[in-house]
Amino acid sequence: MPKKTIRFVVRAHAKVNLDLRVFGTRSDGFHELRTVFQSIELHDTLTCAERPGPFAIKSRAATIPLDSSNLVWKAAAALWKTLGRAGDPCDTLVTIEKVIPMEAGLGGGSADAAASLLAFARLWGGAPVTLLREVAATVGSDIPFFLSGGTALGLGRGEEIYPLVDLPVHWVVIVQPAFGVSTAEAYTWYDEDRTAGLKEPRELQVLPVPWPTRAAQMVNDLEPPVVRRHPEIAEIKLALKDGGAVAASMSGSGSAVFGLFRTRSGAERLLRPLARGGARTHLTRTLTRGEYERRSRVVAKRA
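Numbering (my numbering), first residue to last: 263 to 565.
Accuracy of the hints is not assured; some may be wrong.
[Unchecked claim] Below 16 Å or equal to it, Euclidean Cα-Cα: the simulated EDC-like pairs (lysine to aspartate or glutamate) are:
| no. | residue 1 | residue 2 |
| --- | --- | --- |
| 1 | Lys461 | Asp483 |
| 2 | Lys343 | Glu303 |
| 3 | Lys343 | Asp353 |
| 4 | Lys360 | Glu303 |
| 5 | Lys503 | Glu530 |
| 6 | Lys266 | Glu312 |
| 7 | Lys320 | Glu359 |
| 8 | Lys563 | Glu312 |
| 9 | Lys266 | Asp353 |
| 10 | Lys503 | Glu465 |
| 11 | Lys320 | Asp353 |
| 12 | Lys336 | Glu396 |
[Unchecked claim] Restraint ranges, calculated between C-beta atoms of paired labels, are given here:
| no. | residue 1 | residue 2 | range |
| --- | --- | --- | --- |
| 13 | Ala537 | Gly349 | 44 to 54 Å |
| 14 | Pro314 | Glu396 | 22 to 32 Å |
| 15 | Glu359 | Lys266 | 39 to 49 Å |
| 16 | Glu497 | Glu312 | 40 to 50 Å |
| 17 | Val468 | Thr357 | 35 to 45 Å |
| 18 | Ala562 | Gly315 | 19 to 29 Å |
Since the hints were made in silico from the structure, they are not lab data. This one's a predicted model, so the numbers in the text were calculated from it and none came from an experiment. Yeah, the Cβ is synthetic: ideal placement off N, Cα and C, and Gly gets one too.
All chains should be built: construct the whole structure from the sequences, respecting the hints.
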């Protein structure tokens, strides 16, 4: 009988930023950050399979790159080299079922890269999670967070991860405007506005959590410069709060805006009203660290 193909399937969960402070530019060119990451149920699904030939990525999503610019490809190349394998990655096909919006500040590319590292470790003979974290930090600043999930403090470039007590479960409404914002754009606008002396008072939205208050105020320092270029984001945020959100913010570098709700019914009421002008809405919920670990496990299948 022919040998059955080994496939490893893994979910890549998105994140929102409950807080994001930017403290200027570091000597390495990155920005110094302090952020609170929060995992959410919304996810992509990756399937990594043995296949003779060059390494390849495929997806039905027309918007994602399938070449070496994809973070999954970068993660594969970095881990392959770290494992002491010669040449370029090979004999592996990655299929990405894309659900997480791109250029939305939800960490979709980084989540995919972290999930792929977990699957590659299984497919390529094993690697300790400590090694995966080291590799992840070389590929992208927030990828290490997606190896643990839940609620966590991120320092440095965002790659220094410190688990926090989990945020109590909230329902989350995500509003994805008709436009995207790249990470590079958001930080460029932040730097331009800071150079120009533009500064706005911070709106504090304290969350009921057992962390230091300063880490739970739903402040995003990237939001004002993005709102100056895209005022629709402020309108969405206001609509979420007027609709009953406990708190609302732009996530990461945008363009997605999210609102936290205590009940599913309260969140569901806003899905249709906010899906206008080309915007799309998503209903999801936060994940505890334990839920994230269970839902992100690599599952082996044979075909």
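Item to complete: Could you grab the alpha-carbon distance between lysine 266 and aspartate 353 and see if it respects the 16 Å cut-off?
Response: holds (15 Å)
Subject >> Pairwise hint evaluation, glutamate 303 against lysine 360, where the allowed Cα distance is 16 Å at most >> reply: Holds, because 14 Å separates the two Cα atoms, which is no more than 16 Å.
Taking the Cβ atom of glutamate 497 and the Cβ atom of glutamate 312, is their distance within the range 40 to 50 Å?
Since the Cβ atoms of glutamate 497 and glutamate 312 sit about 49 Å apart, the hinted range of 40 to 50 Å holds.
Q.
Against the 16 Å threshold, does the CA-CA distance of lysine 503 and glutamate 530 hold or violate the hint?
A. Holds: lysine 503 and glutamate 530 sit about 14 Å apart, inside 16 Å.
Is the straight-line distance between the alpha-carbon of lysine 461 and that of aspartate 483 16 Å or less? holds (10 Å)
Review point. Is the hinted pair lysine 336 and glutamate 396 satisfied, with a Cα-Cα distance of at most 16 Å?
Key: holds (14 Å)
Check: CA of lysine 503 to CA of glutamate 465, is that 16 Å or under?
Finding: holds (13 Å)
Given a hint of 19 to 29 Å, does the C-beta separation of alanine 562 and glycine 315 actually sit inside it?
Check passed, 22 Å falls within 19 to 29 Å.
- Query: Does the hinted range 39 to 49 Å hold for glutamate 359 and lysine 266 at CB?
  - Reply: Cβ of glutamate 359 to Cβ of lysine 266: about 22 Å, so the range 39 to 49 Å is violated.
- request: Could you grab the alpha-carbon distance between lysine 320 and glutamate 359 and see if it respects the 16 Å cut-off?
  value: Roughly 9 Å between the alpha carbons, so the hint for lysine 320 and glutamate 359 holds.
Hey, lysine 266 versus glutamate 312, does the alpha-carbon distance stay inside 16 Å? holds (10 Å)
Tell me if the beta carbons of alanine 537 and glycine 349 are separated by a distance inside 44 to 54 Å.
holds (47 Å)
Going through the hint list in order, the structure does not satisfy hints 2 and 15.
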